[in-house]
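> Letter by letter, the chains look like this.
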Amino acid sequence: MTPSLAIQTSNLTKKFGERTVVDHLNLSIEQGKIFGLLGPNGAGKSTTIKMLTTLLPPSEGRAHVAGFDVEDEAMDVRRKIGYVPQLVSSDGSLTAEENLLLSAKLYRIPSSERQLRIEEALAFMGLVGVRSKLVRTFSGGMIRRLELAQAVLHRPLVLFLDEPTIGLDPVARRTVWEKLKEMNKRFAMTILMTTHDMEEADFLCDELGILHQGVIAAIGGPDELKKQVGPEANLDDVFIHFSGATITESGNFGDVRQTRRTANRLG
Amino acid sequence: METFDKREERQTDLAKKNSLSDYFAQTYALSEIEFKKLFRDPTELFTRAVQPILWLTVFGQVMSKVKAVPTGEISYLAFMSPGILAQSILFSAIFFGIAIIWEKDLGVVHKLLVTPTARSALVLAKAVSSGFRGLVQAVIIFIVAYLMGVKLNFHPVHLLLVILSVFMGSAIFSTFSLIVACLVKTRERFMGIGQVLTMPLFFASNAIYPIEMMPKWLQVISQINPMSYLVDSLRALMLEGGVSHFGIGLDFSVMILIFGLMLFIASKLYAGIVQ
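Listed in order, the protein sequences are those of chains E and G. My numbering applies: residue 1 is where the first sequence begins, and numbers increase by one. My numbering applies: residue 1 is where the second sequence begins, and numbers increase by one.
I should point out that these hints are in silico values taken from the structure, not numbers from a laboratory. None of the values given here were measured: they were computed from a predicted structure. In this text, a Cβ means the ideal position worked out from N, Cα and C, and glycines have one as well. Incorrect hints may have been included.
Quick list of in silico lysine to any residue cross-link-like pairs, SDA-like style, CA-CA up to 20 Å [claimed, not checked]:
id : chain 1 : residue 1 : chain 2 : residue 2
1  : E       : Lys105    : G       : Val128
2  : G       : Lys36     : E       : Phe68
3  : G       : Lys36     : E       : Gly126
4  : G       : Lys65     : G       : Met148
Here's a subset of chain E near chain G, in silico, CB distances under 8 Å, partners left out [unchecked claim]:
id : residue
5  : Leu55
6  : Leu56
7  : Glu98
8  : Leu102
9  : Pro231
With the hints as constraints, model all of the structure from the sequences given.
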C-alpha cells in the first residue's frame, strides 16, 4: 500500500446470500482529499462504508484504511477513523458535553487533554451555548454538528460520512458544508462521504465515484465528469448518465424506511 | 497553541497499547453513562417495583394462609421473598434487548462499534447497568419484606453476597436478552419472544415453590435453569436461617460460568446487530 493513500480497496466485494451488493470494488483515495460516493439507492454506498469502517466483514477482496487492513487490523483502523452514520448517533438523553465526554473516553484521549478538546470542539461547532442541554432538544443541524464534533475529537486521519446533510434545511446544510471544508483543510483530514445531493457533491468533493449496482461506473473530479457527459452538463446529468436510467428498480423498503426515519428525526 | 501534529503523535503513542486498563476504563465510561441516564429519569425504577410488591402483598399473603407449600422452618412469605426478588430481576433484565434494538435503530450502536472499544466491553457495560437496576429492586423488596414481618439477615457479609448475586442474576438475564436481540433484530419480534421466555424461566424454577414439589421432568429442567441458582443463593443469603439447596459455592460457580458463556456469545454476536 502506498503511504499517501488514505483508503485503498482491491476487489472489495460484499454478498448477501445470492445478491452481490458491492462487486470487486477498486478504489484509491489520496490523503487529504474529499471523496464523494454517489449512486442511486441500493447501489452499495452504505455497504461500502460499513466495510471500510469495520462494521461489516467483506465477502471477498481487501481494504486498507489509514494503512491498516480492515479485517486483520480492525482495532487500528478504528483508532484512526471517525464515522457519522446516516442514522442519528448522538444520545438524545445525554447533554452535548456528556456525548463528547463519552467519545473522548472511548477513544482514550488522555484526561489532561479531554476538557481542552471538548471546549475546542464546542466552540468550533458553535455549540458552546447549548453544551448542557439534552441533545433531544436540539435541531437537526445542531445534532449533525455535534455528531461531527464527536467523530473528530480524536483527530482521525479519515472521516466517513453517510449522507451528512440528509433532512437538514438549507442554512443548516450550508453550515455543515463549511465545517467539513474547514476540518479537511485544518487537519488534512481525508473525508469519504456518500450523498444524493449533487449540489453538495459539487461544492465539497475533490473527486467523485459513481457507484451503480455495486461497481464504479465513473470516477473523476466533478468538472472532469461533467466534461465527459457534455459541454453544458451539470452533476445531475452526470449522475443520470452513469447510473443508468433515471428510474431504476433499485433500493428496497428498508432503505426507504431508514432514510425517511433519519430525515424525520433531523427535520 | 500546540500544533495538531504534536498532539497526534502523542495520541498515537498512547493508542498503541490496547491494555486491560483501556478495557476497564471504557467499560466504566459506558456504565457511567447508563447510570446517569437511569437517574435522570428514574420513573422506570419505580414502575418496575409495582409488580413485585403486588406479588408479595397479594399473592404472598393469600398463599401463606393456604399453607399448601411445604417450606420447612420458614414462613411461605419468607420463602417466596427471594423468589420474587429473582423474578423482578428476571423481568426487568429480560427486556434489556429492546433497548439495544432501539439504540441500533437510532444509530448509537453503529457509532459505538466504530470506536476502538472491545465488543465485550460494550456488552459488559450493559450487564453492569442491568445490575444497578436489579440492586434498586433488591432495596425495595428488602423494605417491603421487612415491613411484612419477614426475618431478614442483615449480616454485612450476607448483604455483600446478596449484592453480588443480584448483579450476577441481572448480568446473566440481560446478556441473554442481548443475544436474543442480536438474533431477532426487530422490536416486534423481540416483544413476542421476551414474553415466551420469561414464563418458563420463572415457573420452571424454585422461585415460588420448592423443587421437590415438581414432577420429575420439571425438576430436571429447573436444575439447568440459571434462575434456580439465583433464587437458591438469595434464599440462603437474605433470610434469617436461610438454607441453600445446592450450596452457595455451586450457586455462584454456576452463575459465573453461565455469565462467562453469555458474555462470550454476546460479544461475538453484538456487531451483527447492525448488519
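> If a hint holds in the structure, say so; if it doesn't, say that too.
How the hints compare with the structure:
1. E/Lys105 to G/Val128: holds, 18 Å
2. G/Lys36 to E/Phe68: violated, 36 Å
3. G/Lys36 to E/Gly126: At roughly 25 Å apart (the allowed maximum being 20 Å), E/Gly126 and G/Lys36 break the hint.
4. G/Lys65 to G/Met148: holds, 14 Å
5. Leu55: Holds - the Cβ of E/Leu55 comes within 8 Å of chain G, reaching about 6 Å at its closest.
6. Leu56: holds, 6 Å
7. Glu98: holds, 7 Å
8. Leu102: holds, 6 Å
9. Pro231: Violated: closest Cβ of chain G sits about 42 Å from E/Pro231, beyond 8 Å.
Figure legend: structure checked against the earlier numbered hints; hints not met, in rising order: 2, 3, 9.
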